[in-house]
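Build the full structure now, drawing on both the sequences and the hints.
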Amino acid sequence: MLDQERMPRHVAIIMDGNGRWAKKRGMPRKFGHREGAKTFRAITRHAKALGIQYITYYAFSTENWKRPKDEVDAIMDLFEKYLDEVRDFIEENIRVRFIGDRTRLSENLQRKMASVEEDSKNFDSMTLVLAINYGGRDEICHAAKTLAQQVKEGKLEPEDITMDMIERNLYTEEIPPVDLVIRPSGEQRLSNFMIWQAAYAEFYYTNILWPDFKGSDLDKAVIAYSERNRRFGGV
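Under the numbering used here, the very last position in the sequence shown is 417; numbers go up by exactly one each time.
These are calculated hints, taken from the structure and not from any lab test. Hints should not be assumed to be uniformly reliable.
Unchecked claim - Restricting the straight-line Cα-Cα distance to at most 30 Å, the calculated cross-link-like pairs of lysine-lysine (BS3-like) are:
#1 Lys263 / Lys206
#2 Lys248 / Lys337
#3 Lys220 / Lys294
#4 Lys205 / Lys402
#5 Lys294 / Lys230
#6 Lys248 / Lys206
#7 Lys263 / Lys303
#8 Lys220 / Lys402
#9 Lys230 / Lys402
#10 Lys263 / Lys294
#11 Lys294 / Lys212
#12 Lys396 / Lys212
#13 Lys248 / Lys205
#14 Lys206 / Lys402
#15 Lys294 / Lys327
#16 Lys248 / Lys263
#17 Lys230 / Lys327
#18 Lys263 / Lys327
#19 Lys303 / Lys220
#20 Lys396 / Lys294
#21 Lys220 / Lys206
Claimed, not checked - Estimated spans, in silico, between C-beta atoms of each pair:
#22 Ser398 / Ile348: 32 to 40 Å
#23 Asp270 / Asn290: 14 to 22 Å
#24 Lys402 / Gly336: 52 to 60 Å
#25 Thr285 / Asn374: 30 to 38 Å
Small disclaimer: the values here were computed from a predicted structure and weren't measured. Beta carbons: idealized from backbone N, C-alpha and C, even for Gly.
Shown next, in the form of structure tokens:
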């Protein structure tokens, strides 16, 4: 049922519903994040089997720091633990990239992220992107500041700034635009995720909470995408 000719090249997933999944079971929210991490690994491998070339996960936003400290600490501990397991993807020829502002993350986490990126930089079976301390507005602001500095230094004239220049200064440089955004858990909003890259993306929403999201659910999203007519402003 999957049309390989109409397969999305880049799928972005907002991993939503971990806390609610745990609450429904009478457990602390951090247990939902642990289950969500298992789903992340399974869906990544399923996406690779489908032939999806790029998959990006919204793991932690710039706004998520507002959550209770114990939940944030648990998520950060989980990141460090599963970064070691992400190395399993390297053995599968998967390139790993991280996007977002790393300055607020622990030095140990930053070192692990840089190490995984370096060790997988030449792999090409699929690119896995994790958005950690990421915000779409923050990303565009970062690109604007970079270009403004070039103007200040006399290296660039304001009137010469193009959309291509902005794209080259985003965290997602060399990563193609998003074709399909998937958001489980019943919410229907972008939540400051890849605002620029998802300008012409198709959206797929489901009430399934992220820890319960299966490969078959990804299949349904891809099938729905393949049945849509993408016109990019044309007729």
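Hints the structure fails to honour: Violated: hints 2, 17, 18 and 25.
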